[in-house]
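Chains as they are written, first to last, in full-length UniProt numbering: chain A, 1 to 300; chain B, 1 to 283.
Derived by calculation from the structure, the hints in this document are not laboratory data. Every value quoted in this text rests on a predicted model; they were computed, and no experiment measured them. Among the clues, some could well be false.
On the chain A side, residues computed to face chain B include the following (Cβ under 7 Å) [unchecked claim]:
{"#": "1", "residue": "Gln163"}
{"#": "2", "residue": "Ser173"}
{"#": "3", "residue": "Trp186"}
{"#": "4", "residue": "Gly187"}
Where a beta carbon is used, it is the ideal one built from N, C-alpha and C, also for glycine.
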Amino acid sequence: MGTVRRVLGLVSGRLAVAILFVVALLAILGPLVAPHDPLATSPRTLAGPSGSHWLGTDNLGRDVFSRLLEGSRTSVVGSVEVALVGLAVGVVPGLLSVYLGRVFEWVTLRVADTLLALPFLVFAVAVTSLLGNGITQAMLTVGVLLSPLFYRVTRAATLTVAQSQYVESALISGASVGWVVRRHVWGKVLPPVMVALAYTVGIGFVVVSSLTFLGIGVQPPAPTWGGLLASDLGYLSYQPWAPIAPAVLIIVTVWASNLLADAIRDVSGEAGRALLNNRRARAVRATATTEPISAGGATP
Amino acid sequence: MSADDQQRAGDRPILAVEDLAVHYGAGRRRQSVLDGVSLSVARGETVGIIGETGSGKSTFARTVLGLVRAGRGRILIDGEDVARHKPRQWQALRRRGVVQYVFQDPLRSLDPDLTIEDSLVEPLLVRGMRRPEAVERARAYLGRVRLDEDLLPRLPGELSGGQRQRVAVARALVAEPGLIILDEPVSALDSANRVGVLEILKGLRDSGVALLFISHDLGSVAGIADRIAVLYQGRFVEVGAARDVVNTPRHPYTRLLVGSAPTLRSAAAARARREELRALLRT
Chain A
1 MGTVRRVLGL
11 VSGRLAVAIL
21 FVVALLAILG
31 PLVAPHDPLA
41 TSPRTLAGPS
51 GSHWLGTDNL
61 GRDVFSRLLE
71 GSRTSVVGSV
81 EVALVGLAVG
91 VVPGLLSVYL
101 GRVFEWVTLR
111 VADTLLALPF
121 LVFAVAVTSL
131 LGNGITQAML
141 TVGVLLSPLF
151 YRVTRAATLT
161 VAQSQYVESA
171 LISGASVGWV
181 VRRHVWGKVL
191 PPVMVALAYT
201 VGIGFVVVSS
211 LTFLGIGVQP
221 PAPTWGGLLA
231 SDLGYLSYQP
241 WAPIAPAVLI
251 IVTVWASNLL
261 ADAIRDVSGE
271 AGRALLNNRR
281 ARAVRATATT
291 EPISAGGATP
Chain B
1 MSADDQQRAG
11 DRPILAVEDL
21 AVHYGAGRRR
31 QSVLDGVSLS
41 VARGETVGII
51 GETGSGKSTF
61 ARTVLGLVRA
71 GRGRILIDGE
81 DVARHKPRQW
91 QALRRRGVVQ
101 YVFQDPLRSL
111 DPDLTIEDSL
121 VEPLLVRGMR
131 RPEAVERARA
141 YLGRVRLDED
151 LLPRLPGELS
161 GGQRQRVAVA
171 RALVAEPGLI
181 ILDEPVSALD
191 SANRVGVLEI
201 LKGLRDSGVA
211 LLFISHDLGS
221 VAGIADRIAV
231 LYQGRFVEVG
241 AARDVVNTPR
251 HPYTRLLVGS
261 APTLRSAAAA
271 RARREELRAL
281 LRT
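Next comes chain A alone, as it looks inside the complex (with noise of 0.2 Å):
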């Protein structure tokens, strides 16, 4: 897992995976940290923060500050689920489209462009009404409808170097198409796909808010942070700080997930080993040794 060592290499990298890491763990121990019942109602509404009340109350009284760790859950497990829909759906076309031959490839092609032409939130909205309002149906849909992100990467990735020359010159030696795949092409179709996979994650917590804010996946009384942001933007004249909370969770959140998108895209591929080599050429050089470096994967 050199990638994994790489990626926490860099600052940036490190930043992210420590805000993912607070994340998640908000997500698996928050509901069990809360300090109130996150739907227990008070006579208290809308008060502002206090000893008891870290964050103050909602408008039926309730603690925010227990609702939105246990909101965290059900969007961070909403996002993964959409991530993790997309690459199961989109990928292995993606591979495949490169080698099952033109038909295939043909009607991969066109459904992708379909799936992307569909305005997901309300496509979101259409099936969840006829399948039931819950996340998993939303996140689901909308992973399905996100799929084509991954069908692309991966096929722009496959076929870059199913035309490779060592990929033919496996093939001359008697190479099967699997052990083509297993050897060469995985390793450089995985990279692209796990920045898919971060950046997707981005994107279904935007989803995931969204939907919640307009009350689609989840049931009322049930918290997540795009609701908590929807009914503290009903009471903005009381609490004007009140969004403040969700939202910055929302933001930092997509934000560290693009940002390890970017850590992953920098330290893989052909920019890795640029980076990698220069770094090496620049450790040489602080020894004052006189051996020259080469250029190394970078040279086109």
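We have chain A already, so just place chain B on it with the hints.
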């Protein structure tokens, strides 16, 4: 195999191409690349194919390797007609490793993410050889191309161009082929590395491997080939012993090639001769 059979196998050319035609595209876009070419390479023989860009020399090699479909004609590899082979049959044939190929640019023909060791043992692992045995053989052939074993754990990006091309040659050798097709193997190298690689190829020729050496440069082929075939606009216009082709070229295009190679003749005379030959080609 009886002694008699062995004798017959020894006589049979390692590669025989008969009346091969190849075209790209179909219908109005159809473009003929090779038009009825025939060539045979005997065991242990070195044959050079010379031609300018677009003459079809790379297509010839790629068709023999099964990367391009033959339109017409026969391709006999070690007696087996492969022109109509299905992918499975190609795979079985390739795993025997009879014909190997060396690309022009070794930076692109070696996987940048695999170590030199992984690249070298790949043809052997594909056939089902166990890794320790394959690594042992890779080491032996690395020595044949005058490279150090220290290079085995390195990546292609960490090697020089000449070293990389020698690794590509070693990769072709580990399969213990009867014929190696080299497509412009020294064109991407500087002159010092070029001489080094050519010397290794001469060593191979002397050890009994047949070589099919494809180049646009008469100079690099003339010194190594037993026979030279001149490809011009999809046809072999002249095939003969290397010395005859260089000293007494018959076809105008061959004469143009010989005239273009650096000679001791005065530059002015050579230029006049070239003009004359170009005029002859145009008619």
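Going through the hints against the structure:
The beta carbon of Gln163 (chain A) comes no nearer than 11 Å to any beta carbon in chain B, farther than 7 Å, and the hint placing it at the interface is violated. Taken as an interface hint, Ser173 (chain A) checks out: its beta carbon lies about 4 Å from the nearest beta carbon of chain B, inside 7 Å. Proximity of Trp186 (chain A) to chain B is violated relative to the hint, the smallest CB-CB distance being about 10 Å (cut-off 7 Å). Given the 7 Å rule on beta carbons, the hint for Gly187 (chain A) holds: about 5 Å separates it from the nearest Cβ of chain B.
In terms of the numbered hints stated before, the structure departs from hints 1 and 3, listed from lowest to highest.
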